[in-house]
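Participant: Protein sequences appear in the order of chains A and B.
Residues in the first sequence are numbered from 17 upward in steps of one, following the numbering used here.
Residues in the second sequence are numbered from 247 upward in steps of one, following the numbering used here.
Please note that the accuracy of each hint is not assured.
[Unchecked claim] Computed Cβ-Cβ distance ranges for the label pairs, DEER-style:
1. A/Phe21 / B/Ser379: 41 to 49 Å
2. B/Asp292 / A/Arg84: 53 to 61 Å
3. A/Ile60 / B/Ser408: 38 to 46 Å
4. B/Val411 / A/Gly54: 21 to 29 Å
5. A/Lys52 / B/Lys394: 28 to 36 Å
6. B/Asn276 / A/Phe42: 26 to 34 Å
7. A/Gly91 / B/Asp292: 27 to 35 Å
8. B/Glu322 / A/Gly81: 25 to 33 Å
[What the hints assert, rightly or not] Derived coverage of chain B by chain A (criterion: at least 3 residues anywhere in the stretch with Cβ under 8 Å from a Cβ of chain A; other residues may be distant):
9. 300-310
10. 313-321
[Unchecked claim] Calculated lysine-lysine pairs in the PhoX-like style (CA-CA distance at most 25 Å, straight line):
11. B/Lys248 / B/Lys404
12. B/Lys378 / B/Lys405
13. B/Lys249 / B/Lys397
14. A/Lys52 / B/Lys310
15. B/Lys405 / B/Lys325
16. B/Lys368 / A/Lys52
17. A/Lys85 / B/Lys394
18. B/Lys394 / B/Lys376
19. B/Lys368 / B/Lys378
Derived from the structure by calculation, the hints contain no laboratory data.
Cβ coordinates follow ideal geometry from the N, Cα and C atoms, glycine included.
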Amino acid sequence: MNPKFLYELQPGEWARIINIEGGRGFRQRLCLRGLKEGDTIRVISSIQGPVVVEANRSVIALGRGMARKIRIIKGR
Amino acid sequence: MKKILLMGNPNVGKSVFFNRLTGANVIESNYPGTTVDYAKGYMKGDSEDFEIIDVPGTFSLESKDKAEEVAVKMLEEEKGALVICVIDASKIERGLYLALEIIERGYPVVLALNMWDVAEDKNIQIDIEKLKSILNIPVVPTIAISGKGFKEVVLSLKKTASVRVNEITERVGEIK
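Chain B on its own, in the form it takes in the complex (with noise of 0.2 Å):
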């Protein structure tokens, strides 16, 4: 069974994500931190079934607190896992560093845009579809509690492979 990650900063809606994914019941809440330990669960894809697991917020890969180390421990024990990346679409700058640092060690990586209703309001565009070509993995928008664009990552964890960095800093020089 192919194993997926959820990685992403702190508060930005990681559990939720895991909940709706997989059905579970984990702790969410509106503050960062929530999750210390790891959480386990399957989904059914269409052709396959995936075990998920929800893996505590991190900032870096260079782990600062015990969380931290929980996260980045999960990461190097499951060589061959997929991640799904969740960014906060709102403090993108932020995010990407992360998916970065993850795609950089190799790992087949889809890019959520989490709480895109919030950038919205906040009046915050993102071209998703230069992202893509830069990045050259799948970014999708959603929206954890609504559950919009779950499909479409679903989907996508087909389309993804690892990406190599210095091919996406090649492309960023293209754009200037």
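Only chain A is shown next, with the shape it has when bound in the complex (with noise of 0.2 Å):
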């Protein structure tokens, strides 16, 4: 169970957010889109292309090189 990023999870896992690694802009960015630390989520694609989660009843896409600053862990 150790900390991994938003996208090495495999579709249909769930996983809860513990660190945002970006600045004030980015955080808040997601934080309008609905994604904040502490949130659960559940990967729906993130084999190829951008990684799409849903989180807080809407459904986000994010390019991968922002599902690579999420910190999460595995897990609901």
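These two chains come separately, so use the hints to put the complex back together.
Facilitator: See below:
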């Protein structure tokens, strides 16, 4: 259960965001789209292209670069 | 003629709102970022006519892409315009951020809680009266695709005035 990054998850897996490694602007941008630290998310697609996750009843697509900055732990 | 700006997050139904109010036929679709440029239309109120501008969706007033830039520029150009802030009632906390930013800049705002039926389906309850008394602006639940609540939106355009943000924060403090 080591902390991983969001892009390493497989579709269908659940995880909790523990850290967003970025500046204020990046955090704000994610927060306004419904992703913040402590949220539980479900990965919809992550094999190739953007990483699509479901969080707080909405679906968000992230670029792989963004997904690389989001630290998570697996499980609900 | 008074100008009305339709602002809100992407994919909350601003264009459907616009089409309803003006009878125009701009493209609407079920994904964010459909409107990248603005559209203008006209509406007859009971005593005066309004010019309505459909603005691209934006998350905040610090623009991060081209469509958001258009939105922020529109808002800055139209000093003295009314703003109908359209919010997705099922994702209300995100829309309120933008609404507060617009209020902070001194625009008179009418808050439209769109997709009210979706929020009801998801069992989300919103205390409209409380929201009204905190923000001191008209708050109207609407369903843009069926036309519910539009009469109230148009009627409340007259009642709205600009509110100071520090008054709102004071009222929020009182609740705690």
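Participant: With reference to the structure, classify each hint as holding or not holding.
Facilitator: Right, here's what the structure says about each hint:
Taken as a hint, the range 41 to 49 Å holds for the pair A/Phe21 and B/Ser379, whose Cβ atoms sit roughly 44 Å apart. Taking the beta carbon of each, B/Asp292 and A/Arg84 are about 55 Å apart, inside 53 to 61 Å as hinted. At roughly 42 Å, the beta-carbon separation of A/Ile60 and B/Ser408 lies within the given 38 to 46 Å, and the hint holds. Distance hint check for B/Val411 and A/Gly54: the Cβ-Cβ separation is about 27 Å, which falls inside the suggested range of 21 to 29 Å.
Between A/Lys52 and B/Lys394 the C-beta distance comes to about 32 Å, which sits within the given range of 28 to 36 Å. Between B/Asn276 and A/Phe42 the C-beta distance comes to about 28 Å, which sits within the given range of 26 to 34 Å. A C-beta distance of roughly 57 Å is found between A/Gly91 and B/Asp292, which places it outside the suggested range of 27 to 35 Å. Separation of B/Glu322 from A/Gly81 is about 31 Å and conforms to the stated range, judged on CB atoms against 25 to 33 Å.
Only residues whose beta carbon comes within less than 8 Å of a beta carbon in chain A count, and the segment 300-310 of chain B has 4; three or more means the coverage holds. Only residues whose C-beta sits within less than 8 Å of a C-beta in chain A count toward coverage, and the segment 313-321 of chain B has 0 of them, not enough to reach three; the restraint is violated. Under the criterion of a C-alpha separation no larger than 25 Å, the hint pairing B/Lys248 with B/Lys404 is consistent with the structure, at around 11 Å. In summary, the hint linking B/Lys378 to B/Lys405 is supported, as the alpha carbons are separated by about 12 Å, within the 25 Å threshold.
With a C-alpha separation of about 18 Å, the suggested pairing of B/Lys249 with B/Lys397 holds against the 25 Å cut-off. This hinted pair checks out: A/Lys52 and B/Lys310 have alpha carbons roughly 19 Å apart, not beyond 25 Å. Distance check on the hinted pair: B/Lys405 and B/Lys325 sit about 18 Å apart at the alpha-carbon level, within 25 Å; holds. Proposed proximity of B/Lys368 and A/Lys52 is supported: the alpha carbons are some 21 Å apart, at most 25 Å.
At roughly 42 Å between alpha-carbon atoms, A/Lys85 and B/Lys394 are farther apart than 25 Å, so this suggested pair is violated. Proposed proximity of B/Lys394 and B/Lys376 is supported: the alpha carbons are some 21 Å apart, at most 25 Å. At most 25 Å may separate the alpha-carbon atoms for a hinted pair to count; B/Lys368 and B/Lys378 meet this at roughly 22 Å.
Checked against the numbered hints above, the structure breaks hints 7, 10, 17 and satisfies the rest.
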